[in-house]
Amino acid sequence: MLEVINLACIRGGRTLFGDLNFSIPAGTFVQVTGGNGTGKTSLLRTLCGLLPPERGEVRWQGTDIRKLGEDFATSLTYLGHRNGIKEELTALENLRVSCGLAGSKLTRDQAKDALTKIGLAGKEDLPARFLSEGQRRRAALARLVTSDATLWVLDEVLASLDTAAVGFVNSLLEKHLSNGGIAVVATHQELNVSAGSFQRLQLGEVAGSAGPIESHS
Amino acid sequence: MFRWIVTRDLMLAWRRRADVLSTLFFFVIVVSLFPLGIGPETQLLRSIAPGVVWVAALLASMLSLGRVFENDYADGTLEQMLLTPQPLYLVVLGKVVAQWLVSEVPLVLIAPLIGVQFGLASDTLFILFISLLMGTPVLSLIGSIGAALTLGLRGGGVLIALLILPLYIPVLIFGAGAVDASIMGADPQANLLLLAAVSVLSMVFAPWATSAALRISLE
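One line per chain: the protein sequences are A and B, in this order.
According to the working numbering, the residues represented by the first sequence are 1 to 217, in order.
According to the working numbering, the residues represented by the second sequence are 1 to 219, in order.
Calculated directly from the structure, the hints in this document are not laboratory data.
Being a predicted model, the structure only gives us computed values, none of them experimental.
One thing to keep in mind: the hints can contain errors.
Residues from chain A that face chain B, not an exhaustive set, calculated with beta carbons under 7 Å [what the hints assert, rightly or not]:
1. GLU54
2. GLY56
3. ASP64
4. LEU68
5. TYR78
6. GLY84
7. GLY103
8. ALA121
9. LEU131
Here are the simulated distance ranges between beta carbons [stated by the list, open to error]:
10. B:GLU219 - A:GLU133: 24 to 34 Å
11. A:PRO52 - B:ARG154: 22 to 32 Å
12. A:THR63 - B:LEU10: 52 to 62 Å
13. A:THR107 - B:ALA212: 54 to 64 Å
The C-beta atom is built at its ideal place from N, Cα and C for all residues, glycine as well.
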């Protein structure tokens with residue numbers, strides 16, 4: 001479904017990766033690993049279309065995402081390491097606004113339900129500036145509960161989450177994959193996703209040679 | 001989508017009322033300093049009034065422009081906005097409309113009141129109000145281009161002023177010109193029509209340019 005062809009990324013005059021080739025079929029979990037500064041975030045941002053590729057292209061269902069434009073956006077949910085939580089808004093408002101931005105309207109009850117699932121019950125109406133870092137992350141992750149996009153691109157979303165929350169993200173990913181979705185996740189933590197097939201993408205060993213070095217079903 | 005952005009920005013502005021009020025008070029204070037400094041020379045005050053009010057409006061809008069995208073950029077919301085299924089044009093237009101409602105409309109409403117300090121007649125005050133009402137959307141629209149271009153830059157505030165203030169000149173000339181004409185007893189219609197033309201033109205092109213600038217800033 002998602003194909004990457006001869007993708008190269010140059011940031012600040014330094015080649016992060018060149019000639020990256022891989023394809024991700026439906027129901028696949030891709031874990032992007034690599035040290036700091038090896039281009040994980042750049043790769044993820046390129047996959048979303050936020051960063052235009054230096055060379056090569058990213059294809060979604062056979063078409064270049066730059067040509068798909070807004071059609072691609074409907075099948076994508078991206079969570080960056082800056083989680084897009086507004087301190088002035090409550091957790092509930094944050095969730096409803098970010099869903100509204102993504103083009104799906106959420107009723108108050110649906111949003112409450114999603115926040116309860118993610119473990120923020122009772123904190124829905126608290127302005128986000130009173131939430132801890134981990135709780136804000138949870139509020140951002142609540143979007144995944146309501147998202148029906150096929151492609152999830154998650155950048156360091158496990159940072160500052162406790163084990164219970166990581167377990168919950170794990171189960172969300174399993175559900176997503178068994179529904180035929182794709183998840184591309186950059187993380188240093190090990191996830192234990194049992195559904196779907198698994199690919200590991202190691203970045204930064206030698207520039208240009210990066211690629212899926214391990215995959216099993 | 002458009003509605004979502006506008007309501008969200010209005011809600012955020014309400015929770016951050018102090019920011020909004022500071023722009024308004026800046027405008028009021030700058031305009032009020034002139035009569036205090038110059039003294040009660042009605043004729044002189046009356047002839048400088050259009051220019052003073054309009055220049056203060058331009059400077060006040062500089063204060064609020066930096067905030068249009070900055071907060072959303074810092075917390076990652078802007079990335080999400082770029083990835084929405086709707087055209088970025090609408091997102092930008094929504095944000096600009098919200099900025100106009102929050103930062104410019106209070107200023108337009110209070111302008112006739114502080115115009116009294118300059119001894120302006122009531123029909124001139126009305127023209128001042130109308131010219132600001134037609135001109136301030138242009139300030140927000142053109143200003144959003146500068147805000148998008150200077151996103152994430154250190155010292156962006158000064159840079160915005162250098163980029164944008166020269167582009168405000170037509171608005172200043174037509175806006176102040178309309179009020180001037182009214183003081184002289186002439187018909188301000190020509191200036192107001194030109195102001196409307198600039199308004200419409202920037203409504204079409206500015207969001208488009210801002211969208212392009214945002215994409216570049218977020219790479």
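Do the hints match the structure? See the list:
Annotation: interface hint on GLU54 of chain A violated; nearest CB of chain B at approximately 11 Å, more than 7 Å. Checking GLY56 of chain A against chain B by beta carbon gives a least distance of about 16 Å; that is not within 7 Å, so the hint is violated. Hint on ASP64 of chain A is violated. Least Cβ distance to chain B is approximately 16 Å, over the 7 Å limit. About 11 Å separates the beta-carbon of LEU68 of chain A from the nearest beta-carbon of chain B, more than 7 Å, and the hint is not met.
Here the hint on TYR78 of chain A is kept, as its CB sits about 6 Å from the closest CB of chain B, short of 7 Å. Interface restraint check for GLY84 of chain A: the shortest CB-CB distance to chain B comes to about 4 Å, inside 7 Å, so the restraint holds. Because the beta carbon of GLY103 of chain A sits about 4 Å from the nearest beta carbon in chain B, less than 7 Å, this interface hint is met. Taken as an interface hint, ALA121 of chain A does not check out: its beta carbon lies about 23 Å from the nearest beta carbon of chain B, beyond 7 Å.
Annotation: interface hint on LEU131 of chain A violated; nearest CB of chain B at approximately 13 Å, more than 7 Å. At roughly 27 Å, the beta-carbon separation of GLU219 of chain B and GLU133 of chain A lies within the given 24 to 34 Å, and the hint holds. Judged by the Cβ atoms, the range 22 to 32 Å given for PRO52 of chain A and ARG154 of chain B holds: they are separated by roughly 24 Å. A beta carbon spacing of about 38 Å between THR63 of chain A and LEU10 of chain B contradicts the range 52 to 62 Å that was offered as a hint.
The hinted window of 54 to 64 Å between THR107 of chain A and ALA212 of chain B is violated, with their beta carbons roughly 36 Å apart.
Of the numbered hints stated above, those contradicted by the structure are hints 1, 2, 3, 4, 8, 9, 12 and 13, listed in ascending order.
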